[in-house]
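Q: Chains as they are written, first to last, in the working numbering: chain A, 1 to 96; chain B, 1 to 1390.
These aren't lab readings, by the way, just hints derived from the structure by calculation. Fair warning: this is a prediction, and the values are worked out from it, not measured in the lab. Do not take every clue at face value.
[Said to hold, decoys possible] Just a few of them, taken from the derived set where beta-carbon distance is under 7 Å, the chain A residues facing chain B: (1) 3; (2) 6; (3) 18; (4) 26; (5) 27; (6) 55; (7) 76; (8) 80; (9) 82; (10) 83.
Cβ atoms here follow ideal geometry from the backbone N, Cα and C, with glycine treated the same way.
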Amino acid sequence: MTTPLTLTAGRRPDGTAQLTAVGEIDMSNAEVLADSLRGTSGRIVLDLTRVQYLDSAALNVLFQHADRLEILAGALLAPVLSISGIADLATVRTSP
Amino acid sequence: MTPPDDAAPGASPVSEVFAADAEVGRHLAAVDWAATPLGPPEEWPQSLRTAVSILLSSKFSMWMAWGPELTFFCNDAYRRDTLGQKYPWALGRPAREVWAEIWDDIGPRIATVLTTGRATWDQALRLFLRRSGYVEETYHTFSYSPLHDDAGLVVGMLCVVSEETERVIGERRMATLRDLGSDPSVVRTEQEMLDFAGAQLGLNPHDLPFTLTYLFEDGAGARLAAATGVPAGHPLAVPSPSADRDAPWPVDEPARGESVLVPLDGARYPDPPSGAWAEPPTHALALPLLRQGGAPYGFMVAGLNRYRPLDEGYRSFLELVAGHVAAGISGARSYRAQQRRAEELAELDHAKTTFFSNVSHEFRTPLALIMGPVEELTSRLAAADPELREDLDVIHRNGLRLGKLVNTLLDFSRIEAGRMEARYEPVDLAAVTAELASVFRSAVERAGLRFEVDCPPLPEPVYVDRGLWEKVVLNLLSNALKFTFEGSVAVTVRSGDGEAVVTVEDTGIGVAAEEMPRLFERFHRIENARSRSHEGSGIGLALVKELVTLHGGGIDATSAEGAGTRFTVRLPFGSAHLPADAVVPATGSDAPSGTADPYVREALRWLPGDGASAGPGAVTPAGDPDVGARTASPDDAAWVLVADDNADMREYLTRLLRGAGYRVDTVQDGRQALDAVRRHAPDLVVSDVMMPGLDGLALVGALRADPRTASVPVLLLSARAGQEASIEGLRAGADDYLVKPFAAAELLARVRAAIELARLRGHHARWRAALVDSLQEAFFVCDEDGTVIEINRAFTDILGYGPEGLPYEAVEPWWPDAGSASGAQAQATAAFHRLVAETRGTQTLPVRHRDGHQLWISAAFSRVRDPDTGRTVVVGTFRDVTAEHYAVQRDSALAALSTRLSGATGLADALHGALDELKKLWQARRVLAAVFGQGGDGGAATLVSTEKSLTWQELAPEERAALTALRQRPLLTPIAVGSGAGTLLEHPDGPLALWVDPGESRPFTGDDQLLLSLLAGHLAQGLARAQQIDQQRETAIALQRAILGPSRLPNGFAVAYEPATPPLEVGGDWYDTVALPDGRIGIIVGDCVGRGLEAATVMGQLRSACRALLLQDGGPAQVLLALDRFAVGVPGALCTTVFCGVLDPTTGELRYSSAGHPPGVLAGPDGTVTLLEDGRSLPLAVRPGTPRPEGTCTIPPRATLLLYTDGLVERRRRPLSVGIDLAGAALVAARDVVFGDLAAHVMDRMAPEDGYDDDVALLLYRHPAPLEVSFPAESSRLAVVREALRDWLGRCDLPPRTVQNVLVAAGEACANAIEHGHREAPGAPVTLRAEAFADTLRLSVSDTGRWKTPRPELNPHRGRGVHLMRALMQDVTITPGPVGTTVDMHTRIV
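Here chain B stands alone, though its shape is the one from the complex:
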């Protein structure tokens, strides 16, 4: 195949046949036509000559074949788009030879055209061309139509073709990317993710004949994790390729993040799978699965489509696929890690709390059983062998130590669980602290140290829990003494800035600097430190810190090794920082309680010459009947409670009764007796009648009134003799009555009788009580009013309310109040009404523990009749289901968040939605999310909040500080500060600090924190996915814009396309303009039914067809008629609406036809609005073959035409005509808007408040089109320019005088540009622009030169020109600039 010589143009007289295109014509002329069946061109029939010249003059891609051998011709567009390397060889050859490789496809079609004379139409037909040196997969939309000779016989065919390879392949790849992103589930494992991705990749065997996904293993090469298009066991699907030479796939380069093109030749690549193709791929590409900021996860091997070049598009498609798989792996792995971490944290926390709590309780019971008997023994053996007594002392002291330790541990577990029941009362902190210190004085001084206590009174009281404050001071003192061997220990109390400052300072061994950070850490002990004792658990200082924090204060320590340590405690004055319900009035006692004793005793034991016996304070604590006076007796001994205000009498009675084998407790008055009995009913109460406060008779009355204590026998003692007194006592309900003085034997006899009688009588009741108390579930009895009259121990354990408070009248204190989380009160009220009204039932409801925290209980109750009293009571049990409740809440919160995230339409939406969910979950005041950019400069963050308008700057400084501080924390670790809590998670734009502010009344518990951390992990995952959705959307829009409209519009046209607001989908609206060969312009605006890629595809096909039809010289009605037939064969094209018009831009004449499309709007210069309502018929493909009508109109000068799709005007609950009227009004209002801004202006004005919910295509034309003339700066060009301007002005329908004024003014400006602007550069371009508005005319003349400042005195002539311009026009502005001068002028049209 020898290409013809590049013959000299114009050498042959026949070249005029080919004159329409210089380039292709030259090559056609060089063909040796005489050697073809067509003969030399000068002998060609007229029909052939015409066909060739039409072909060459068309800008649309075409080829034709003529004569018996179907000799091949083509035009320049075809050469460029399709022919490739076959040009110019193909010219004049038989078509069969030119297109040998596709003759099987096209031959029969050409034969059909030639034999039947009917045209063919093929949409996106796949053809394998060999035009670039390889067999190439291509797609073409084309039509073959017959060509007739002069006699009317069909002798050839014309093909109008547009190549659609890029579009078809682009859509195929786009579909794969979209499918990859269509994974509906939020969370999946790595393998599930890979399986899903594999299934999607397998659906595109064209671009991905096969894929192999390898993941790198830690230090052990790579393993095959997924494959598509490759059968298992195929030699190319090696399970673990290594870095050696024989492995088919490279490992090193992908590991470094590089892609490698692998030729699939040689024995190493036997039989590559061919996917959708007949032939196997020749190459594969190995792409790294990139990890942000790390080594790749692995790599993907993709077999390549051998029929497409590996161009930028193909490569970026493969990179996007690999990127998607990499993102999926990243997501799956980080989710797995986050989940594991959250689970571990939860388990650990739970186990720890349970352990502390259990151990402490388990210790206390045996301890009580050791200490009681030891104290009993000590008193019984007062006169015994000193050695025995010493042994007892040792046991006693160590028991105290153990008790102290257990109590400390219990304090910890209470603090951990948030159940520390502190009672803050106002105290004189100086006095209390000095008093506590004094307890230690003897111990300190005995150690040979100075003890300096300096506690002047403070200006105001400090709120402390006395018991807890004692622990703080005693621990600090004990610590000081333990580590100080010489010098002093000093205690001071001072008033600071709004706070009390307490210091405990010693001159001891000090603490090494590296140990300081861990000083307050639990169980941390400094090894090898010299101290007075090696005893210690390492929790003293940790407890101190917890307790000070509980008081709203702070503690810090300074120390120098060898010089001493100073602890400083700061407590705020007042009570504002403390929970209001824990603040109580002052009790007025400054005396240290028994707490101090174990500390001092322990300290004394450290000193040389054990002085335990010399320690301060009595061994026997007093005041608590449970622990106090109860003495060792056999467990089954009867228990007698003695109430008498006289201590001697109490001692006498105690001695007497203990001697008889009873267990005895004593109290000082009736009130204490009542409390003691309610706590635990004794076998007998022996009470004096005359007592302060509640006397004996009132005590009997109170006991009898309470069903729980009604059966406790009471023996009254009185100094008042006489029948009446005893009758009074017995009437009150006493079981017996004894007058002082009495004989011991008589007392014991009466006691024994009363107890035995009561035991007999009460056996059943006690059995019942024991049974009820042993229940693991809480038990209660209510009377008819709902007043709780009996409870068991579990009840007290769960709710914190003990039997001493009985009866609890409705509404009981554990019901949630109005301040609780909303809904809790309503639920509880409903539950209460059921309790009173129904016979039986079960329900779960919220209640409040005595310490204020919220619980959930599951209660069952039943209505029964009390056989003794005949009254109806309600008996119920319940258990604590808080943990289960929170587990359910957690699951539903996760589900709600997942739903919200999966429905999100993008990153911003996902985050907003998630914050709303979190706010709802905790009924929070607000939820904040601060995103810190990747810069990490610690400055401002982007704030997203449930309060929409809140900005970062508007946050309080401490809120900003709290959010910023979160950045320093590990990811997903919850932090509670104040009443709120926060955590840090990953946002695609950088670290995100999440903060939940639950508001005033609700504490954020450990369970809440755990839930927050779980949800945050979930959120991070969801945000990563939402970002992918965002990216996909951007790709979709880019695709839509690529399919849409010509990038260069004819002059005078403006267009706009607006996608619907998110959730955004690609739509089916389009506009198009086609420059027709005769200078007229085809205009199309159409709207396909539906959305999404399908609609876009239909749109693309209709658009191409419509263009082709317009170019075939059809009128609008004919075009639509032909389009009808075409649309019948395109699935989804039914009911498409189209406006098709042909405009003559010189006259403004418009012929148009509308297939069911909303009417065009024409706004005249005088503000009238006309609708183009003629030429209307049905939408496409509804009645194919029915002739379509046509309308005509002449667009008046300075009028504007608007064509649009219904998204512009259609709104819910509004007639379409209203929208069209509004569009007309918008157009009239925009009459003076510069044309370039007009489309955006109309779109803005018509936009609904929250954006368009349908896509909108818009096309505008203003008549006449603005004029733009560029000419070289030579005076000889002035006349030509003037003529063009005169012609244009003529089309603007202006008064003759205005025309002349404009001509002169423009002429002067042009003359200036020629004379001044280009003095140094004659011939440089000058540009004249003119645009007509409804009632003004604007002109500008710009050059590239610089004007001199006008100096009329030097150049009166030019000055005259400027003067003329100003006189003839309304406004003239001369703007000199560095790159040229522009004269702007405008005048009103009257």
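With the rest of the complex left out, here is chain A:
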């Protein structure tokens, strides 16, 4: 069983690119996320509110695109995002 992850690309009402992830992201599938991010240029909203698990391999990917990312996350991921320091580089919005 590999780590379950579904990525859906789309546009926000304001035309900004949006990538919605559902599942878990770890070293086994972080490259899938990286591919999707590389496939999109310009600012991008990454919706992680339905991601249950995120490890340092995934964070590594986020750091590479930090300057153009706006990250939406649930309370579950908030500590990891803040501890890793990504919140200082990218825009991170957490919902309760």
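Use these hints to put chain B onto chain A, whose structure you have.
A: Chain B only, in chain A's frame:
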């Protein structure tokens, strides 16, 4: 019987029926079912299919039979445990055919099940199976229960079985070994030992159908010493097998220590006895009876149980039996040898001392009767023929020599008996020695030798007994002169290091080197040595050595053959080394006594031109009235004692009175006269009135005041004339009075008159005195105050106090004082009070001889009225019962030691107990036992002492040296050094040096030493037995552990079993866990009544039954209800308490029922303690059939459950509830203890100070069970592992945020392990462990790879992972090691 082909698995569509077990299923599928009454599997009814799949999926050993022919099925466990070679042939066969050999046993049981529909139960039923190619004795516990078809009819049966062959046979053998060791007596002869062992072996005719014990004889083959199971005269019981081919039993191999298996076939083995079996044994085993460090004692032939293989267990059982018999023989033989040796030593010692003492005394009496008359003759024949005088001189000289020899022998026997009465006074040793040497000067010089005496004064005095020191010096000088023919003899005195050093050196013939060691040995004479004389007894130097030793000094000799010999005597300065009561003030005389004369005279006789007449010193000794002036007169002549300070007057009176036929002694003053009279009353005292010291009038007064001397007549002589003076004399009590000068005739007339009058008057008194003196028993008379006023000779012999000391006022000096052995003084005081208060009586009491040694006397006394004075006196007699007393003491000491040893629970206990007994016996300061290991490196020993904490290193160096020196001595030979004594004996761990230190005030006598050696022999025997007890105990514990509990516990469980402290017995407590097919876990903790093998047996049966019942899918209450019925039929199972529970490890739900068992204890993560008090009912078998209640509880996450037996909490004088509360507190306190250590931790915390006195079984469960996941190091496995961890964390009741933190941290650690740990070996295993405590969570991730030192600048990504771990967890430790890296993390639960 052709086994079915190994058909390909899955070939048939019906195989799903058999899918539950691949291996057995494959073979079942291959059976040609169409040929059986059951038909092909696809046509089987559902009930059969279900039964088969239950059967195959069970891990418990089962078989079943179905249909009209009872077609046979079994599962894998049954195949492995029971079926043996019959698999797979048996599958699908009629059961009757499969188990043809036991059908008579099981057929009726199966019929019962089929006809009644009720289950059967058999416990440890013996069945003879043929499953391994031979008929085998086996035991099975099994239950047959009915199987129903779809219509509900009974069409088959299911058997759940556990094989108990090993247990039953193991217990049977264990019982024999235990019986062999149960011999209650400590000491027995070889034959008694063999008879006892035979009786025990005969009780097990199953494993030992017959036994024959042969012992090797010295050079004459072997003889039959014992037999069991064989009638006398049986052809196999050959009395003495020889080494030839025809003998039925091998002799050579056992003699070499080898076992031989003997097939019992052929004509040489007619009709072997069959023991408990119908058929005779087919083989016998001949085992050597091994002797430690020697050839075997013999061998044992054991007929073998033909129904059991001779496997390792059987063989080691037989070896243990043989070993036990061999140990018994060893014990019996060594005891016999030790006993004989001790007896011989005692006899020899006693005979020797008695002989010396008797011979010496017997010589002295005739000698005195020779010397007295010779001296008399010499003086009477002063003017006689010179030849006659020479003859007299010869007699006189030789008499002196004989006297000297006898005195030396007597000195020896006194020293031997410890009765040498030395009086040590301070002397100027240089002056005394020089003076003694000077006596020899003329003799040495006349021999043509130089005599060099160099004795400068010493800085301080030396304490010597003058008489004994003279003997030392004179013997050495006499020896030097005897063996020196030219050159010199030299005497020097010097001051050494705290001692005086006296040397006597000669330039004589010397002593050969090989003779030196025996130089000081008694009666040893060097053969063929050139000497001035061949006279000599060979005891001179031996006596010298004894005397020097008595003075606390030492002597040694150096010699070169042909060059001379030098003796060096060393005496310590001061008196600290001498007995305090033997030290007396200086007397001030340096003059040699008469002792020297015989030595010099003897020496002079060796020289050419006999010069006896020129010898120094007068022939007539002076000063002792007993021997001195007494001259030869007829024995019945009256004896007159003359006391006068004027020598001329003494001589005149003596001449006058002797001329008239009287025996005469003279003394110089009143004091001497009084002493002489008290020693021996004369017929008349003739005394001057005017004398220095005690004058004549005072002498009369003193004599009259003493009842013993009151009747001695006294004639006073005085220069004072006049009526008044004579009246004064007569008033004082004198019998007559004569004024000087007097006419000789008048004196003689008055003397004759006084004597005759006194004789007439005193006849009766003398007769009485003679009678009393001739008594063999000691005799005494006391006045009303207890003052002793009269004694006899035997009294003096026994106590050393003579009549000269009379009267002895109470408390007399022979009573023991406070310094004596405790109790002696109290006994004596009580005796004294009876003496004064009672009319008559008899008693045994301790007294002290004048020389200080203790005696035991048996005294009888009686109160009488003195007819003369009207006063009341006590008259008594006593005899010396010391020897009898010690014999009784010895017997009771042996008995006490035996009792102590037989009650000992092991080797250490036996030794401690024995030391205590020895200490008590001698009221010793302490008793030491040093065990030297077998290594024999002479180094440290293991010390056991009556002072418990004392170690070998803490002993004084000289004590260690004394103990070490004992190792060089022969076994059981007592050695006395200083005030203590010791001996060497055998301890199972090596030689044991035993030391008794009796303390300051009490000497260790020869009797004590003998007793010590006897007791030591006894102790060695007892220790050997105690070691056997130790070994048996170890075996018992091993057995208990083997019966107990599963070796693999389900995850999350911990158990402990603690036997009771020694004297340890196997107990009846047990715990058990049963993994149920649905994933739940059955838990049992139980406690059978009683102890010992019986309780263990009951426990084993209940445990098996309980397991089987749990597996049959019963709830706890049902299990206990069924167990009730089972327990009714098991003797000893009544009142067993059991806690039975079924736990769901995923939810923590526990259903339980308790049969009178103490409640389980549940410690929550918050520190609350809950007792599982529901579901309680009566202990087992008390009310069988009564439904049992059930309780339920859910074990909260991170809580710990404790189940136990009452030994954990029950203490004397304490309510049980207190103990249970303490157990709860212990559990709460241990909330953070790693689970693996928890059981030991709780046991330790609850242990009473001196250990558990009941056995304890303990079972612990912490919920949830720790998680352990192993996975290959591949990133694709991360999600699975995360899911398992998430699930486990969910059961731990944690805040969601903590869960997420732990998940990420663990995930990072796993990712690291995959990425770094296994860069070179992808797929190698990684292990994640997690354990929840009350308020912490611990995780570890370990791999088998090696991490690189983190260098975040090269790999920011991984650095981020470690950073995350540290940020999310409280503590992270990364431990790289040679075989892998481990990350430990923990976090607090808030």
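Q: State for each hint whether it applies.
A: Going through the hints against the structure:
no. : hint : in the structure
1   : 3    : 4 Å, holds
2   : 6    : 14 Å, violated
3   : 18   : 25 Å, violated
4   : 26   : 5 Å, holds
5   : 27   : 5 Å, holds
6   : 55   : 5 Å, holds
7   : 76   : 5 Å, holds
8   : 80   : 6 Å, holds
9   : 82   : 10 Å, violated
10  : 83   : 4 Å, holds
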